[in-house]
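Trainee: Assemble the complex: chain A is given as a structure, and chains B and C must be docked to it using the hints.
The primary structure of each chain is shown beneath.
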Amino acid sequence: MIEVIPGDPASFMLGINAREDTLAALRSEMGLDQGLVVRYLDWVSGLLVGDFGNSWTYKTPVSELISDRIWVSLPLAIYALILSTLIAFPAGILAASRRGGTSDVTIMGATQLGVAIPNFWFAMILVLIFAINLRWFSAGGFSGWDNPLHGLKSLTLPAIALALPQAAILARVMRSSLLDILAEDFIRTARAKGLTRRQALWRHAVQNALIPVLTIIGLQFSFLLAGGIIIEQIFFLPGLGRLIFQAISARDLIVVESVVMLLVFTVIMVNFVVDLTYAAVDPRLRNKACAAGSP
Amino acid sequence: MRRGLAIGTFLTLVFVGLACLSFLWIPYDIETLEISNKLKIPNAQNWLGTDHFGRDIFSMIMMGARTSIAVALLAVGIGIIIGVPLGLFSAARQGSFLDELTMRGNDLIFAFPSLVIAILITAVFGASAVNAIIAIGIFNIPVFARLTRAAALPLWERDFVMSARVCGKSDARISIEHILPNITNLMIVQGTIQFSLGILAEASLSYIGLGAQPPTASWGRMLADAQTLVSIAPHTALVPGLAILLTVLGLNLMGDGLRDFFDPRIRVGRT
Amino acid sequence: MSLLNIKDLSLSIAGVEILHNVSIDMQPGEIVAITGESGSGKSLTALATMALLPRGAVVKGQIFLDKNDILTTSELELCAIRGRKIGMVFQEPMTALNPVKTIGSQVAETIIIHEKVSKTEANKRATDMLRRVGLEVSPLRYPHELSGGQRQRVVIAMAIVLRPKLLIADEPTTALDVTTQARILELLKDLVVSFDMGLLIITHDLAVVAEIADKIVVMQNGQIVEAEKTEELLSNMKHPYTRALFNASTHRVVMPEAISSETLLSVDSVVRTYTLPRNKILGSRPNFNALDNVNFRIGHGERVGLVGESGCGKSTLTRAILGVEDVQSGQITLDGESVFSGNKPNLDVRRKMQVVFQDPYSSFNPRHRVDRLIAEPLHVLENPPVGELKDLAVLKALEDVGLMGSDAKKFIHEFSGGQRQRIAIARALIIEPELIIFDEAVSALDVSVRAQVLDLIAELCHKRPLAYLFISHDLSVVRSVTDRVMIMRDGKIVEYGETEKVFTNPQNAYTKTLISAAPRLPEATYAIEPV
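Chains as they are written, first to last, in the numbering used here: chain A, 14 to 308; chain B, 10 to 280; chain C, 747 to 1277.
Next comes chain A alone, as it looks inside the complex (with noise of 0.2 Å):
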C-alpha cells in the first residue's frame, strides 16, 4: 500500500545521481520490478508465516527488529497502562461518591490540567525536575533487561509521561460513568434495602460503572502503543517507536508497513479481549456475544 507513494525508493536510497543501471540492478534486488500485486501478495503471505521481509536499511530480517523493539515498547505500554488505572480508579471513584465537595472539584480541576498538558511537555518536565535536578532517574536511555529492576527504572519516567493524560481522561470517565449508575433505579432499591452509600457504591454501583471504562482502556491501550513513538524519541529508548520513525525518514516501506501492521493488529486483538471482559462483566452481553458470533 505505502509503496504507492511519490519518491521512489531505490533513487532516495542512493541518492538522485545514481547511474541508471545500479538503479536497476538494486530495483531487482529489492523486487520493485516485479507488479504492484505480486509483491504484496508475496508480502502478506510472508507475515502469515512470521516472515516480515527483509529491512532495506539494516539489511536484517524485519521479524528480528521488531522482536527486539517490541521488548521495549510493549512493557513500557504495560507499564502506562497500570499506573493509569491505579490512579484514575480511586480518582474518579473517590470524584463520584463526593460529588460537588472538595475533593470532588480538586481532581476534576486537577484532570483538567492532566487532559491538557501535552505529553512530550510533560516528559520534558520530568526531566529537568527528577533527572537532571533531583538525579534520581536518568534522563533517558534504556538500560536492558538482564537486570529487570534497572530496566523498570528506565522505563519509569516515560510510562509515567505516557500515563498521566491518559490517567486524567480515565478519571473522568469513571466518574462520569460512576454518576450515571448512581443516578440510577437500582441504587435507589439498594438504598431501600438498607445498604448505606457506601455498601450501594462498592456493591453496585462500581461493577456497573466499569462497563464504560473498559471501552475507554482498550482504547488507550492502542493510544499508549502509539504515543510511545514520541516518548521513545525524547527518553532515546530503542522501542518500536523509534524504529518506525528511523524507517519513514529512510522510506525504508518494508519496515514501516510490518510495524504498522503489527500495531493494527494489537489493537484489533487488545478490542477482542475488551468485548470478552464486558461478557465476563455484564450477563446481558453474554448471550448476544455468543448467538452473534461478534460483538
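Hints in this document: simulated from the structure, not taken from any laboratory. Among the clues, some could well be false.
[What the hints assert, rightly or not] Below, a sample of chain C positions facing chain B; criterion: calculated Cβ distance under 7 Å:
id: 1; residue: 1068
id: 2; residue: 1101
id: 3; residue: 1123
A virtual CB, placed ideally from N, CA and C, is assigned to each residue, including glycine.
Mentor: Below, chains B and C alone, put in the same frame as chain A:
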C-alpha cells in the same frame, strides 16, 4: 459550572485574539535573527524572553497561535463537513449496506493508532501545515460520523419523526428539518473538544518536525528547539508548553461548560 | 398503637414548598392508599417516610414509626430500619434491579445486610421468598431474563424478606399490564394478611384504590384534602376535589350515533414477521409473527377501538396501517389505495390519515414553534396554503381544540401534558383527514385532563363525522369512545364486535380474563354529581 465556562471562554478568546492580532501587529519580526540577544529571560523589551536565535518569544507565541488554531480549526471543519452528513445518512438508512460500509470504514480508521498514521501521512507526503490539517482532519471524520449517527438513531425512534413520516416527508428532509437541529448542541460541544485535540496533535507533529515548516512558527517546534536548552534556559521550554496547555485547557473548559449549559437535566428551576 | 404516624410533614426543595402539613395515621395490618394526580406530592410523602429524599430537601414535622421519629434518626440507624422495619417497592420494575447480579443474590442481600447469617442460609431464605411471591424461575437468573411482572415480584420479595411491619408501594402496578396488575395486587393483599403487615400504597388509579384500600387519602398540590375509610369516602365524598377526581374517573362521554357506511380502511389477512437473532450459533434464525392474519374494516365515520396488552402487536399494527412499515403478506388499503408505498409516499393516502401519539413529551420537535408543528401536515396537500392562509389554518386548528391564537408562537415545552395532546390533535386535524389513529393518546394523562381530552374528541365528532382507531390498554376509556372494539392478543384479533356487546357479553376466554382483571370502581361512584 458557569465559572468553568467563563474561564474557558476567556482563555480561548485570549489565544484566538493573539492569533488574530498577529495579522495586524507583532512586537518583533520573527524572521530576523539577533544572535546577540539570545536566551534572554523575560524582561521589558522581550516580555517572554528570547530563544536561542534571539527571536522574541512573545511574537513567536502569537504566530504559533495562528498556526495551531488554523490547523486545528480546519481539521475540525473537515471532520464536520464530511463526518456529519455521513452520520446522518447512516442513521437514516440504518442497517442498509451503505450504513454497514460506513460503520466498518469508521471502525477501520479507529483501529489505526492515529498518531502513527498522521506521522505516516506527513512523512510520506511531505511535512507541511496543509498535510497536517489533512492528517488530523481524516481522524476527525469518523469521530463526527459516529457521534452523529449515535445521536441521530434515537431521534429516529421519536414520535415526532414518525409524525413527519406519516406526513409523507422524505428521509433527507426529516434529517435536515428534524434531526439536525436537535444534534447541533452535541456537535458544538464535540467540535470544541476535537479542536483542543487538534491543537495537541498539531503540537505533537510539529515537535517531531512533521508539521508546519520554518519560517512558519509553531509551538511544537519551539518545544523541540528548546529541548536541549531546558536546563540552561528553562523559559524557552516552559512558555510554549504553557501556551499549549492553556489553550487546550481553555477549549476543554469551554466545551464542558457548553455541555452543561445545553443539558436540560442540569437546568434546575427552569421548568 | 399506630404503626405509622405522620404528623404535619412539610417539605420544600430549593425554596419551593412541595408538601404542606401532611398528616397520616396508619394502624398495623391496615392498607392505606394515597391517591391524587401528578404533582400532588404522593411519592415524596412515601420517600420521606423512608428518609430517602433528594438532596437539598428541607423537612419539617415528624414521622413516627413505632415511637421512633424517622426524621430525627441518624443515617446509620435509618439504614438498619430500611429493609428490616420498612420495605419499599417502586414503580418501574424494569430498572429496579441491578442488571449484573442474580435475582437470588439481590434478595439474599437484604438478609445479609441486616442479619448475621451465612450465605447459604441467606440464599435459602431468599429462594423460599421468591417462591412465596409466586416466582417459578431459578434464583440464578438475571433480571434481563425476566418480564416486568416477574421483576416486580422480585422487588417485592426483596422488600419483605425480613418481614417488615410496613410495606410502602409507590405505583407498583402502573407500568404493568392489566392482567399482571391484577395478579400483583392479589399478591400484595395476600402478603398483608399472612405477614400481618401494613401496606401504604400510592397510586393514581382510583379503581385500584377502591378495590384494595381500607382507608383512602386524597392529596392535591402537596396537601391532604380528604382522608377517610374507604366505604365512607366512596359513599360520602366531602371535598370538591375528591368529587371532581372520581367524577373524571367515571366520566362517560356522549358520542353521536354510530353510522354504518362504506369501508374506509381495510386490513386484509395481514402478516408481519420479524426474524429474531440466532440463539444457537449454527441454528437457523427463528421467526416471530408480530401480526398473524389480522382482518378488519373501519368505515367512514366509524369509531373503532383496539385493546391489547404489551407485546400483542398493537404498535406493529399501528406502524403498518400508517404505512411506515411493510407487511410480509396481506394488504392494507385506505379508500382502495395501498398505504405502503416504499420511499415515495403516496400523497393521496397521506392526506387522509393522521396520528396522535401517547407521549406528549416526545411527539414534538422541541426546537420548533407550535405554529410550525401544527402546520407540518399541510405540505401533503396539493395546494398547501401559504402565508396568511396558513396562519389562518393554524389559528382555526388551535381554536378547535380549545387553545388560543397567541399559543402559536410558543415552544412546546411551555405547555402542560394535556395541552400538548390538544396541540397534537390540532396537528392531526388541520388537513381534515378521514381517519385518525389515536395511539394510547390519553394513557399518559392525569384523570381529569383525560376526561377533558375525551370530551374534546366527542365534540369534534359532533361537528363532523370522524373515523378513528382508538388504541388503548384501558378498557373503561375504550368503552366510552368507540362503536366497535377489537381485542388483540399475540398478533391475532381474538374478538371483534359492538363495544357494549363485547363488554357485557364477551365470547372469548381472553376477553373475559381481561375484563375481569380490570379494577373497577363501585357502581355508586358512577352516579356522583360534580359540585
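Trainee: When the structure is checked against the list of hints, which entries are broken? Sort them ascending.
Mentor: Violated hints: none; all satisfied.
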